[in-house]
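Colleague: Top to bottom, those sequences are chains A and B. Sequence positions in the first sequence follow my numbering and run 1 to 256. Sequence positions in the second sequence follow my numbering and run 1 to 252.
Hints are computed from structural coordinates only; laboratory data are not their basis. Be aware that one or more of the hints could be misleading.
Stated by the list, open to error - Within a straight-line C-alpha distance of at most 25 Å, the following computed BS3-like cross-link-like pairs (lysine-lysine) qualify: (1) K160(B) <-> K57(A); (2) K74(A) <-> K166(B); (3) K105(A) <-> K150(B).
In this text the structure is predicted, and so the values were computed from the model without any measurement.
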Amino acid sequence: MHIELRNVSHEFELETGFLPVLENLSFSVPKGKFTAIVGPSGCGKSTITRLVSGLLKSKKGEVFISNEIVNSPKSTVGMAFQNPVLLEWRNILDNVILPLEIVSKSMNKVEKINRARELLSLVGLAEFEKSRPSELSGGMKQRASLCRSLVHKPEVLILDEPFGALDAFTREDLWQTMLTLKKQESFTCILITHDLREAIFLADEVLVLSGRPATLQFQLESKLGDNRKLDDLYTNETTKSLSILRKQIEIAQKHK
Amino acid sequence: MTSYNKIIIPLLSVFIFCIFWEWLVWINGWPNYKMASPSDLWPAFWKFRWLFLSYGWDTLWRTIVGLSLSVFVGVGFGIIMGFSKTMRIALYPLLVGFNAIPKATVVPVIALMFVGFHDMNTILIVIFISFFPIAVSISIGLSTLEPEYKDILLSLGATKFEIFYKIALPKTLPEFFGALKVSATLAFIGTNLMEIIEPHGKGLGHLFDSGKISADYPLMFAVLIALAVLGIFLYYIVVLFESIFAGWAERN
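Based on the sequences and whatever the hints tell you, model everything.
Modeller: In structure tokens, the structure reads:
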């Protein structure tokens, strides 16, 4: 098991007392697999990303990556958020290189540039490497952000609703980009999302969390194979899976 | 806008302003002790040209040194208040209070405190008057840094210094230069407060004071114009640095 959460509970300290967000949450993601996590708004999904990335320490239970307890941030993790947070003062190429400046200090400049260019051409941004982030569309910014999260060849990729703010067509484009990246790069991925179709299309397994405090409520294996196409979203089988997930979300919302 | 226009248009606006000024004085028939006209100023400049050069230099270098030091002081306070909420709450009332004190009243105090150290006194007043906007802008820039910006580096195990150097500092630069433009013009007020209230035989402020004593009104106006020219000069130096270090913030 590559990523594993064992009986993880977490709460936030507020002025009015404690707010429990995760309760006795356990799940694992096998190496190289893609897991999507869905659940009602504010159920603590983003807390999971912060726990796995080591930005936050759980109050109870443990998080493991490759059987090692996660206590602090590790260079083997890559992250992308809904907000692409590109640095406005750097061009796209230098934005993608940023993680290498932190984790691969010994790597020479040419190697860094080559690695960044490799990813940029995979996502179709090769011509825009000299552009400023402000010159790019929302979808292109998010592509660059994905490249940045993968440039240092992380073993674990954490995506916190990276496509949430995009329009429907751009989002579908990016799903396909994501599949391309998944084929070319080897990483174990956790995707937080509100979009059930996105979860089914991208993931090998979909986890449904209950309302706050969140715990694992339901798991669903995606039946889509390795060569997925957008058309696969409109088959009877997918529709059935979607309606199962939809019902589970309703249950989770009531729980809240 | 072409760079040619960027020079021509401001020069033209200054020229039109001078014409208007000349006309205003002429139409009202003001004597030069009430309001000197541009045509009165040239003889004053020419008569005291060497003094203008030497005193102008005194004023300019003390202003630049004071402004540079106020950048250090302002950035220092800004970093402390930007990163620590406790320090922000603790320091703001003190800084606001200090800034609210009219600096003209501080001048005699400083002059008495360090008798004879004219250069240092002048520079001190410059620092007092111009560090505040810089401190405020840096502290706001750092404290409003979106957490996601920190997260992308923190999640890679970056040090606090790396986050400051690679993200916080460059991200604050546009605000910093905005404040520096305000401070650059304030700095001249500081220099001249000291030079006029406690004249010590140096600087344009002293020349202004001489004009007052000898009732040479065109000279007094000429000093004011010389100060304005120096102010514009320093402002555009800051603009030049801004375009080099924070040019990315400008959108076309």
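Colleague: A separate judgement is required for each hint: does it hold in the structure or not?
Modeller: Verification of the hints:
1. Straight-line distance between C-alpha atoms of K160(B) and K57(A) comes to about 18 Å, which keeps the hinted pair within the 25 Å bound.
2. As the CA atoms of K74(A) and K166(B) are separated by approximately 19 Å, the hinted pair is consistent with the 25 Å bound.
3. A hinted pair counts as satisfied when its Cα atoms are at most 25 Å apart, and K105(A) with K150(B) qualifies at roughly 19 Å.
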